[in-house]
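K.L.:
Sequence:
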Amino acid sequence: MASSTTSLHAQSAPQRPDRPTPKPPASKRADSRFNVIGSTYVIVMAVVGLMSLIPVAALVLGSLRDSPPGQEGHWTLQNWIDLTSPGVVDTLFTTLQISLITTIVAMIIGTALALVIHRTDFRWPNTMTGLLGLSFYFPSFILAMAWIVIGSPGGLINDIARALFDVELDVDIYSVSGIILVMILHQVPFVYLTMRGPVLGMDPSYEEAARTAGASPITMLLKVTLPMLFYALASSALLCLIMCLEQFGIPVLIGIPGRVTVLATQIYLLCRFPPTAFGLAAAVGLTLSVITAVMILLQRRLGNQGKAVATTGKAGRITPIRLGKLRLPVDLFCGLFIAMSLVLPTLILLYTSVLKFFSANPFEAAYTLRNYVTIWESEGVHTAVWNTLLVSGGGALVGVLLGAACSYFTVRLKPTGYRILDALVMLPFGVPGIVLGLGLLWAYAYLPLPIYGTMTLIILAYVTRFLPYASETAGARFIQLDRSLEEAAWTAGASRQGGIWRILLPLSLPSLQSGYFLLFMAFFREISATILIFTASTSVLSVSIWSYFEQADWGMASALSIVAMVMMVAIMSFMMWAMPGARRR
Numbered sequence: 063m064a065s066s067t068t069s070l071h072a073q074s075a076p077q078r079p080d081r082p083t084p085k086p087p088a089s090k091r092a093d094s095r096f097n098v099i100g101s102t103y104v105i106v107m108a109v110v111g112l113m114s115l116i117p118v119a120a121l122v123l124g125s126l127r128d129s130p131p132g133q134e135g136h137w138t139l140q141n142w143i144d145l146t147s148p149g150v151v152d153t154l155f156t157t158l159q160i161s162l163i164t165t166i167v168a169m170i171i172g173t174a175l176a177l178v179i180h181r182t183d184f185r186w187p188n189t190m191t192g193l194l195g196l197s198f199y200f201p202s203f204i205l206a207m208a209w210i211v212i213g214s215p216g217g218l219i220n221d222i223a224r225a226l227f228d229v230e231l232d233v234d235i236y237s238v239s240g241i242i243l244v245m246i247l248h249q250v251p252f253v254y255l256t257m258r259g260p261v262l263g264m265d266p267s268y269e270e271a272a273r274t275a276g277a278s279p280i281t282m283l284l285k286v287t288l289p290m291l292f293y294a295l296a297s298s299a300l301l302c303l304i305m306c307l308e309q310f311g312i313p314v315l316i317g318i319p320g321r322v323t324v325l326a327t328q329i330y331l332l333c334r335f336p337p338t339a340f341g342l343a344a345a346v347g348l349t350l351s352v353i354t355a356v357m358i359l360l361q362r363r364l365g366n367q368g369k370a371v372a373t374t375g376k377a378g379r380i381t382p383i384r385l386g387k388l389r390l391p392v393d394l395f396c397g398l399f400i401a402m403s404l405v406l407p408t409l410i411l412l413y414t415s416v417l418k419f420f421s422a423n424p425f426e427a428a429y430t431l432r433n434y435v436t437i438w439e440s441e442g443v444h445t446a447v448w449n450t451l452l453v454s455g456g457g458a459l460v461g462v463l464l465g466a467a468c469s470y471f472t473v474r475l476k477p478t479g480y481r482i483l484d485a486l487v488m489l490p491f492g493v494p495g496i497v498l499g500l501g502l503l504w505a506y507a508y509l510p511l512p513i514y515g516t517m518t519l520i521i522l523a524y525v526t527r528f529l530p531y532a533s534e535t536a537g538a539r540f541i542q543l544d545r546s547l548e549e550a551a552w553t554a555g556a557s558r559q560g561g562i563w564r565i566l567l568p569l570s571l572p573s574l575q576s577g578y579f580l581l582f583m584a585f586f587r588e589i590s591a592t593i594l595i596f597t598a599s600t601s602v603l604s605v606s607i608w609s610y611f612e613q614a615d616w617g618m619a620s621a622l623s624i625v626a627m628v629m630m631v632a633i634m635s636f637m638m639w640a641m642p643g644a645r646r647r
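Take 63 as the starting number for the sequence shown in our numbering and just add one per residue.
To be clear, the hints were calculated from the coordinates, so they are not data collected in a lab.
Just to be clear, a hint being listed does not mean it is correct.
Said to hold, decoys possible - Think about it this way: if two alpha-carbon atoms lie no more than 20 Å apart in a straight line, the pair counts; the simulated SDA-like pairs of lysine to any residue are:
1. LYS418 x LYS387
2. LYS476 x LEU177
3. LYS387 x HIS180
4. LYS418 x THR430
5. LYS285 x TRP438
6. LYS285 x THR430
7. LYS476 x GLY111
8. LYS418 x ILE222
9. LYS387 x ASP183
10. LYS285 x ARG273
11. LYS387 x ILE222
12. LYS387 x ALA277
13. LYS387 x ALA174
14. LYS387 x MET282
15. LYS418 x ASP615
16. LYS476 x ASN97
17. LYS387 x TRP186
18. LYS387 x THR182
19. LYS285 x LYS418
As the list claims (entries may be wrong) - Now the in silico label distances, taken between C-beta atoms and shown as ranges:
20. THR430 x LEU569: 20 to 26 Å
21. ARG363 x PHE335: 38 to 44 Å
22. ARG363 x ASP234: 37 to 43 Å
Every residue, glycine too, gets a C-beta built ideally from N, C-alpha and C.
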């Protein structure tokens, strides 16, 4: 998914420079009088430009003001001066510390899983891949909630140790190490999914040659396999680091009670609790955006340099490495990870959702379904469910259409200024969700557009944030299609837009379905871009769960989390059945 942000311009379809590209016949060109394609390009450029630049420009202006959005104030540089204060500097170092440690450990575990599952005689590769995929779509803030129930001072681990063994363990998830643990569990599936393709696509002849020369599996791993995967590893590590830097759900749930602040949660605290400092929050947000933008530029450069290093196109099938005595430890490790990242959190939330009062001993607990009855009867929850489906379904459709249009212009047609459009599409991806939400809050408090407090603003935030998912997914398919297909349609008398409608879109349908699937799931579980711009009438499921957590209503928060996960799995299953292209991701 996020792995799809790897630069797609590094790939290229076969070209024939010695033959001029045919143009649609003048007699059939519907845009001879009214240039449909050119007009569409201008409109797309304008829409994407406004979507991308307005929040960023609002943040820049807001960082130079000493008043909240929409109020009178004065111009000042104090917000930028305050970035050097000890509190902000400490928060920056804490953010980098958590992000770097999480990235390193997640890369080791995720890459190891990819190699074990696809390079050895591991017995359940398809099952493990499916479970890791489910773990990837497990919302981060729900995973954090589950581990708070497990590892907080009053949680299950301490209560069980006290009740069964009369031991005071004093386990506390509200710490830097607790944040790192949960973030690792959340990021490992992402690393696995980004490394799976490169591992499967490696030319096996190099490893077979090393094996024939008598190299041991460890030697082959260190001297052949990992060097061949260098660019994929570096690219995946940068993407993982970006996701850690902008992570909001886990640090806000675990860090705030433990007084551990990262940049994303500091922005939230500065905007939501008095004394508010929206200008400082904007300056912090821009600083975080610059850091993530640099990481994205490095990742795209690596993607351009690392193409086709491990794949030669020659036929071959590697002989799986026999695990031998390592089979049991490997099986136990894989089972333990799935238990910690998926099974145990789900069971804990299900258990907590049916309790009258919290108890670590399930045999002494009093059970009830009142939380689910409340959900069934609550108008607020009904509104949140409807809003979530509206934003996810309708917003994803808007995102796919706009992303496909952007990809057509940037990787297929390449008109004047197409690189600017490409940069505008990618710009919001370097802006963390909560920073984007803050930018929209600033912007539409001043602009004379009546969309603040409406679902339109939520959809705008989501489409802006995740547009690269759709554009990169569609662009990957557009690059693969030989231009001769459209040329044949033009030769037969079709106009350019006729070639798009009859040739390009039908052949790209699986990728467009995949892009819709990615956007739908991303919108469904998003919270960071919403947390600063929602109202009572525009609340979505993720925000409703967060609200119950803030009220310390663990039963309702857990029950609504279970409902959200059931909905997500059901929708995923339906979409993968109804849209074959979605199964390719």
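K.L.:
Quick one: which hint numbers does this structure break? Sort them smallest to largest.
P.N.:
1, 2, 5, 6, 11, 19, 20
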